[in-house]
Amino acid sequence: MIITLKNNKGGVGKSWLTLQLAHGTQIATEEKVLILTSDSQNNIKDFAGINIEINEATGLETWIKKGDGDLIRLRDNLYFIPIAGTHLRGDIKNNFLKLITELKKEYSYIFIDSTPVMKLDDIFIEQSDGIIIPTFLDGITTTSIENFIKSVSLNKIKAIIPNRFNNTKKEKFYYEGLKNILADENIELISPIPQSAILGDLIDKGKTIWESENKKLEDIKNSLIKVIREIL
Amino acid sequence: MSSLSKLKAEIKERYKSTFDFETFEIDNDTKNEVIKREANIFKNFEKYSQSSYEICKSLYEVSILLKGEGSFMAWYQNIGLTKDKVSELLKRWQLYINMPDKIPYIASLSNQAVKIITNKNIDETTVLKLADKGIKKVEDIKKMISPSSSVLPKETNENKNNIEKSITSSNDLNELKKLIKNKELELKNLKSLLAQKEKEIENKDNLLLFKPSLATVELLFLRENNIHIDLDDYDLISDFNIELIFDEIKENTEQVIKLILRENNIEKRNQHYKALLEEKNGTINCK
Numbered sequence: 001m002i003i004t005l006k007n008n009k010g011g012v013g014k015s016w017l018t019l020q021l022a023h024g025t026q027i028a029t030e031e032k033v034l035i036l037t038s039d040s041q042n043n044i045k046d047f048a049g050i051n052i053e054i055n056e057a058t059g060l061e062t063w064i065k066k067g068d069g070d071l072i073r074l075r076d077n078l079y080f081i082p083i084a085g086t087h088l089r090g091d092i093k094n095n096f097l098k099l100i101t102e103l104k105k106e107y108s109y110i111f112i113d114s115t116p117v118m119k120l121d122d123i124f125i126e127q128s129d130g131i132i133i134p135t136f137l138d139g140i141t142t143t144s145i146e147n148f149i150k151s152v153s154l155n156k157i158k159a160i161i162p163n164r165f166n167n168t169k170k171e172k173f174y175y176e177g178l179k180n181i182l183a184d185e186n187i188e189l190i191s192p193i194p195q196s197a198i199l200g201d202l203i204d205k206g207k208t209i210w211e212s213e214n215k216k217l218e219d220i221k222n223s224l225i226k227v228i229r230e231i232l
Numbered sequence: 001m002s003s004l005s006k007l008k009a010e011i012k013e014r015y016k017s018t019f020d021f022e023t024f025e026i027d028n029d030t031k032n033e034v035i036k037r038e039a040n041i042f043k044n045f046e047k048y049s050q051s052s053y054e055i056c057k058s059l060y061e062v063s064i065l066l067k068g069e070g071s072f073m074a075w076y077q078n079i080g081l082t083k084d085k086v087s088e089l090l091k092r093w094q095l096y097i098n099m100p101d102k103i104p105y106i107a108s109l110s111n112q113a114v115k116i117i118t119n120k121n122i123d124e125t126t127v128l129k130l131a132d133k134g135i136k137k138v139e140d141i142k143k144m145i146s147p148s149s150s151v152l153p154k155e156t157n158e159n160k161n162n163i164e165k166s167i168t169s170s171n172d173l174n175e176l177k178k179l180i181k182n183k184e185l186e187l188k189n190l191k192s193l194l195a196q197k198e199k200e201i202e203n204k205d206n207l208l209l210f211k212p213s214l215a216t217v218e219l220l221f222l223r224e225n226n227i228h229i230d231l232d233d234y235d236l237i238s239d240f241n242i243e244l245i246f247d248e249i250k251e252n253t254e255q256v257i258k259l260i261l262r263e264n265n266i267e268k269r270n271q272h273y274k275a276l277l278e279e280k281n282g283t284i285n286c287k
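Those protein sequence lines, which keep their order, are chains A and B.
Read left to right, the first sequence gives residues 1 to 232 (my numbering).
Read left to right, the second sequence gives residues 1 to 287 (my numbering).
Next comes chain A alone, as it looks inside the complex (with noise of 0.2 Å):
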């Protein structure tokens, strides 16, 4: 199963969000799992506690050229696979459907953090089975969800995931507008994440929400519970 976090805003935490939901699902389903990125900070890596210089030999690239190539192992079950950043040539949609292909028969479960660079955005929703839109609260944000929305299948879209809220006038209007937006839709808005001290921390020590017992982050975890369960 390919699931894929998207939104063309940067910023709105899709690469920590990939990796808490792709380490939840493995922790949940005891399955392998895989992490794709096209973001060639491969900040995934460093949210996890990871410290590698990545290289082309070692990234997607070389994986799509190639269909091989290394893998950062992240967690037990849990695998990442970088991007260098350089130019892609050639026939990249048919290298990576055969790639996903193979990758496929190996990972129950590959989580894609998707940004709009390199080509590959379009094959990624192409072949997801499910979008997952992290969000920034604000009218540019909230308008361009509108339009993604309208541009691909509403069945794909599993979840919508508010995130940085720092709990203002104006991130209560847009939620409830999103709520209007998706009244009839059959897609989970969960309850935004808040901006907080205690994930900033976590994120310094290269750790996910599932490996703190600190009580105050129950709730995010139960809202990304809710995510896993749309997925699985």
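Any given hint might turn out to be false.
The list that follows gives simulated cross-link-like pairs (lysine-lysine, BS3-like), each with its CA atoms no further than 25 Å apart [claimed, not checked]:
#1 K172(A) to K226(A)
#2 K129(B) to K143(B)
#3 K102(B) to K12(B)
#4 K226(A) to K12(B)
#5 K226(A) to K47(B)
#6 K36(B) to K226(A)
#7 K6(B) to K226(A)
#8 K104(A) to K16(B)
#9 K91(B) to K47(B)
#10 K12(B) to K221(A)
#11 K226(A) to K8(B)
#12 K221(A) to K43(B)
#13 K43(B) to K32(A)
#14 K98(A) to K36(B)
#15 K8(B) to K221(A)
#16 K6(B) to K32(A)
#17 K31(B) to K43(B)
#18 K43(B) to K105(A)
#19 K150(A) to K47(B)
#20 K43(B) to K156(A)
#21 K8(B) to K207(A)
These are calculated hints, taken from the structure and not from any lab test.
Since chain A is already given, all that's left is putting chain B on it; use the hints.
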């Protein structure tokens, strides 16, 4: 237990397969792959059941909204639905609201099964019994709604041993009593038929006194006029379920035949049938 552990436990429970892999000597890797896909089938069937429920619900709601307007048919045709499909979905909806705890069972019923068990002659208790036992196959449903016993063979003299084997509980004894009662009734009817026949032959120049049963007349008519009904359906023929058989007859004729069946006078009914046949160029095939 943390919320993620709860989910983990739930998933483990959900993935339990009851298939006997050992008997078929299936290796562990293949077994795990099959179980994964089995779980996927179940998960998607749950989604399908819910979708079926939602489709029927929405259709029913529109049928109410547009009832007064008289535009329901135009509306469903516009979205590509046929009269047959709408009828099936609305009948399925009746089952969903009558048995809200049996959504997966109802969703798994074939169109023909829905048609049979929503027939007005089938009482609610029988439908509940079918759902409780999870009976889905049309032939099994037909057996259960047929007046003869479901646990006993149809021909009692055909296999006495089978009857003995079938009786294991007091319920089965009740079924046997019911069967005997039916047979006694059948015998009584035959005796009465014999008496009528004798009288008929005796008074053949007089006014016709013999009136065969409703089902016999219908059957003769169907045969004479080349209306095809499957052999299985003949087993079901009886006064109370004759309408069920006619339900099988295709779309355009269904309503007409139902109207004809409301006509008490057999002669008039035959006239209606003849007119219907002429309209259909001499043949009606129900399958």
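Checked hints:
1. K172(A) to K226(A): Given pair K172(A), K226(A) holds - Cα atoms ~21 Å apart, limit 25 Å.
2. K129(B) to K143(B): It holds: about 13 Å lies between the C-alpha atoms, which stays within 25 Å.
3. K102(B) to K12(B): holds (24 Å)
4. K226(A) to K12(B): Given pair K226(A), K12(B) holds - Cα atoms ~17 Å apart, limit 25 Å.
5. K226(A) to K47(B): With Cα atoms ~16 Å apart, K226(A) and K47(B) stay inside 25 Å; holds.
6. K36(B) to K226(A): Holds, at about 21 Å.
7. K6(B) to K226(A): Holds. K6(B) to K226(A) sits at ~12 Å (cutoff 25 Å).
8. K104(A) to K16(B): holds (22 Å)
9. K91(B) to K47(B): Judged against 25 Å, a Cα distance of about 20 Å means the pair holds.
10. K12(B) to K221(A): Given that 25 Å is the threshold and the Cα spacing comes to 20 Å, the pair holds.
11. K226(A) to K8(B): Roughly 13 Å between the alpha carbons, so the hint for K226(A) and K8(B) holds.
12. K221(A) to K43(B): holds (23 Å)
13. K43(B) to K32(A): Given that 25 Å is the threshold and the Cα spacing comes to 19 Å, the pair holds.
14. K98(A) to K36(B): With Cα atoms ~23 Å apart, K98(A) and K36(B) stay inside 25 Å; holds.
15. K8(B) to K221(A): OK: K8(B) and K221(A) at ~14 Å, within 25 Å.
16. K6(B) to K32(A): holds (19 Å)
17. K31(B) to K43(B): Holds, at about 18 Å.
18. K43(B) to K105(A): Roughly 20 Å separates the two Cα atoms, so the pair holds.
19. K150(A) to K47(B): holds (23 Å)
20. K43(B) to K156(A): Holds - the C-alpha atoms of K156(A) and K43(B) are around 16 Å apart, at most 25 Å.
21. K8(B) to K207(A): holds (20 Å)
Going through the hint list in order, the structure satisfies each hint without exception.
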